[in-house]
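Construct the complete structure from the given sequences, taking the supplied hints into account.
Line by line, the protein sequences give chains A, B and C.
Using this note's numbering, the first residue of the first sequence is number 1, and each one after it goes up by one.
Using this note's numbering, the first residue of the second sequence is number 1001, and each one after it goes up by one.
Using this note's numbering, the first residue of the third sequence is number 2001, and each one after it goes up by one.
Derived from the structure by calculation, the hints contain no laboratory data.
Keep in mind that this is a model prediction, so the values were computed, not measured.
Some hints could be false.
Sample of chain C residues facing chain B (criterion: CB under 8 Å; computed from the structure) [stated by the list, open to error]:
(1) Q2030
(2) V2105
(3) I2135
(4) I2137
(5) F2140
(6) F2141
(7) I2143
(8) A2144
(9) A2148
(10) T2150
(11) V2151
(12) L2154
(13) M2155
(14) W2158
(15) V2173
(16) M2197
Distance ranges between label pairs, derived from CB positions [to be verified]:
(17) C/L2358 - A/G20: 48 to 54 Å
(18) C/E2403 - B/E1187: 33 to 39 Å
(19) A/S27 - C/I2406: 58 to 64 Å
(20) C/D2016 - A/K32: 41 to 47 Å
(21) B/E1188 - A/Y108: 21 to 27 Å
(22) B/A1024 - A/V58: 27 to 33 Å
(23) B/L1049 - A/S27: 35 to 41 Å
Even glycine gets a Cβ: it sits at the ideal position worked out from N, Cα and C.
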Amino acid sequence: MRTDFAFIGVMLVTAFLLMGVAVFAASLLRPKKPSPAKLETYECGMETVGDAWVQFRVQYYIFALIFVLFDVGGVLLFPFAVAFNVVPIYAVLVVILFLGTLMMALLYAWRKGALQWD
Amino acid sequence: MTISQILFIVMSLVVLGGGVMVVAARNLFHAALFLILSFFGVTGLYLLLDASFFAAAQFLVYIGAISILVIFAVMLTRGAMAAQPANSQWPAALVVSAILFAIIAVIVGPIAVTIGERQFGDVSWPSVVEGQPVPAVPDDILVRLGQSFVDFNQYAALFLLAAVLILVAMVGAIWVARDRTPREVIEERAELAEESQDMAPPQHQLPVKNAEAVEAPTAGH
Amino acid sequence: MSVIDTINNLIKIVGDAVADLVVGILGAGQIADLVIMGLGALVLCTAVALTFMGMTWAERKVVARIQNRVGPNQAGPFGLLQPIADGIKMFTKEDTTPASADRWVYNAAPLIIATFALLTFSVLPFAPGVVGANINIGVFFVIAVGSASTVAILMAGWGSNNKYSLLGAFRTVAQLVGYEVPMLLNVIPVIVLSGSMSLVDIVQRQTLADGNPGIPFIVYLPLSALAFFIAGVAETGRSPFDLLEAESEIVAGFHVEYSGMKFALFMLGEYVNTLAVSIVFVILFLGGYAGPILPSYIWLLIKTALVFFVFMWLRGTLPRVRVDQLMALNWKVMVPLSVVNIIAVLILAKVFVTSPGLQSANGGILVAPEAQALILFVANIVILLSGLSIMARRARVLRLAEEAQIESRRAANRATASNFIGGAPAK
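Have a look at this one:
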């Protein structure tokens, strides 16, 4: 196990270095003639007005929050799924109760119109 | 020093450095990114503890989900692009964090050490340096974890409580971000209209002038 | 060892030979291990990057044929040298950083997205014994690492300091994170059936003892396979879920400001993620590298190419979906269906067991694996069809309501019109 994770660490470093080398090599090869017009923010040829900051709708946040809740719910199911063959039958009922509660949360969001994107 | 000790020091520095930068960064978005760096360090620490499931869960939930939530919240904040908002609450924050640190150092730390000693004997740093064999993680660790989740003598109640917590969080989030009732919206709009009339900002007159200028020749024809 | 065995285990034999060579030079120890791992990682990264080049060619060619075009045909025979030409262009193209960009964030985003896309491959088994890291949380690791791209996309969107980038990044993330949920949920039935999260174990569970392929999980779990595939298409941001780069709406999404090599890294990230999802789909549902006669890595290649072909096919045929449709499909169809499916699989797999040991431990009815597969298949199909019929009925109700509304508005218009005609003095 430890050597396996060591390989993942080595892979992380190698991939990062390799990508860094690609970018660095490109920076040696490519021409570099910056001009003020080139360095402007691209906005389909219009001159950029103001900052990129826009007031984002709270709906993005709600979707992200629903996602976080279901993500956590899903993560908690993984160990059970691994242990499925060795757990007794009533364990399935526990998990169904768990999933049912999750579904109630989804149903609540649905009924309140939080899943409606408009 | 063994490799895992070096890795431990590196990871701890990532966690602590990230944490310091979260507080010190002048840009809110950068602060959020340093928070993610800190989470990444914690993932590494879990891996060093052979807690692979927790490492992946940490990565998925904190880096993949919570950090998105944090960044979205930052973007909802007015002036996320501006420099640090003017604010003079740092002395209070310093006191609170000092107290929390003291609690951890004086109460939680010794308890953790006691529990560790009861299970593994000596847990002090030098004993690890001397190459004392670290107990290997059993192969069926995930199976045991899964069993404990649904065993009522262990964590089944907490497992179900987590689902209830998710339900409560969902209800709370939707209630906070709910659409206002039509009456509330009308009142709010009325207030806004009053404000804009009171202020009568000069910028608002500009387009009107232009419109007149555009219309004038048409009228002349 | 016979010739056939040699061919079958080619990758493993070459790898072992190189490892022996390194140990011979450096002597056994941690440094030699590190060098071997580094070499393996380097080979893996290079192979994946080369596959990426091939994939861009294949995709352009196939989509062109679907749309009745020729596709790349100038560079080399059949345009085969096109990826190399593209690569040279990427390396020599001027790479501008907008003056208002947040430099560190802007430059780090493509590196992060490409790195984590490549990292997925460290746990994928390519042939028996050929796997970078056989960890006990394999599938979970793949999904977790895949979620890192959302952070990189937000960094790219923010770092460019461009309205389109930021808007594109937000849209992308709202989409990506949403579809991670069905992805997580549909992996669970597979883990339930195989009893392990390790990708190697999952492949073994779909292989018979003599190395021939057994019943793949797509037969047990057609609904999970379908939902996982759709979620995979959405997760990689490919057509018809390519809202992140809707040219007509937000120019090109979060990577508008990127050019040259950094842009290439985004493309690499996208294609490598697609490749990873294809291979993971093959491992989870199509039996992985198991197959008769041909060497196992060839089988993996064939199956992956097949899955990737479906990806290309979708891209060539389907129009882009709307944002609200995308969200509704995820939260109102895929997530509920997946949860119902999990519950059904849990109950049926507990009631109908395939090994006598399990029966004596937990009770249940002992059946043959084929019978279990059939039962689960029927249950999956029933859930899928009932879900679809509920959807159809709901859509019909909505459509009728809309039509009634339009009709009543028309009637009202007609009434006012006739009043006017009736009331107006005739000339």
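Restraint outcome when C/F2140 is required to lie within 8 Å of chain B by C-beta distance: Interface hint status for C/F2140: holds (5 Å vs cutoff 8 Å).
Status of the hint placing C/I2137 at chain B (closest C-beta pair under 8 Å): Holds, because the Cβ-Cβ distance from C/I2137 to chain B comes to roughly 5 Å (cut-off 8 Å).
Is the interface hint for C/I2143 satisfied, with its Cβ closer than 8 Å to some Cβ of chain B? Holds - the Cβ of C/I2143 comes within 8 Å of chain B, reaching about 7 Å at its closest.
Using the nearest Cβ pair, does C/A2144 come within less than 8 Å of chain B? 4 Å, holds
Consistency of beta-carbon spacing, A/S27 to B/L1049, with hint 35 to 41 Å: 40 Å, holds
Let me know if the C-beta of C/W2158 comes in closer than 8 Å to any C-beta of chain B, holds or violated. 6 Å, holds
If I claimed the Cβ atoms of B/A1024 and A/V58 lie 27 to 33 Å apart, would that claim hold in this structure? 29 Å, holds
48 to 54 Å was suggested as the range; check whether the CB atoms of C/L2358 and A/G20 agree with it. Holds: the Cβ-Cβ distance is about 50 Å, inside 48 to 54 Å.
C/M2155 was flagged as interface toward chain B. Is the shortest Cβ-Cβ separation under 8 Å? Nearest chain B Cβ about 7 Å off; hint holds.
With a cut-off of 8 Å, does the beta carbon of C/I2135 approach a beta carbon of chain B closely enough for the hint to hold? Given a least distance of 6 Å, the restraint on C/I2135 holds.
Less than 8 Å between beta-carbons is the criterion; does C/F2141 satisfy it with respect to chain B? 5 Å, holds
Is the gap between the beta carbons of C/E2403 and B/E1187 within 33 to 39 Å? 36 Å, holds
Violated hints: none; the structure is consistent with every hint.
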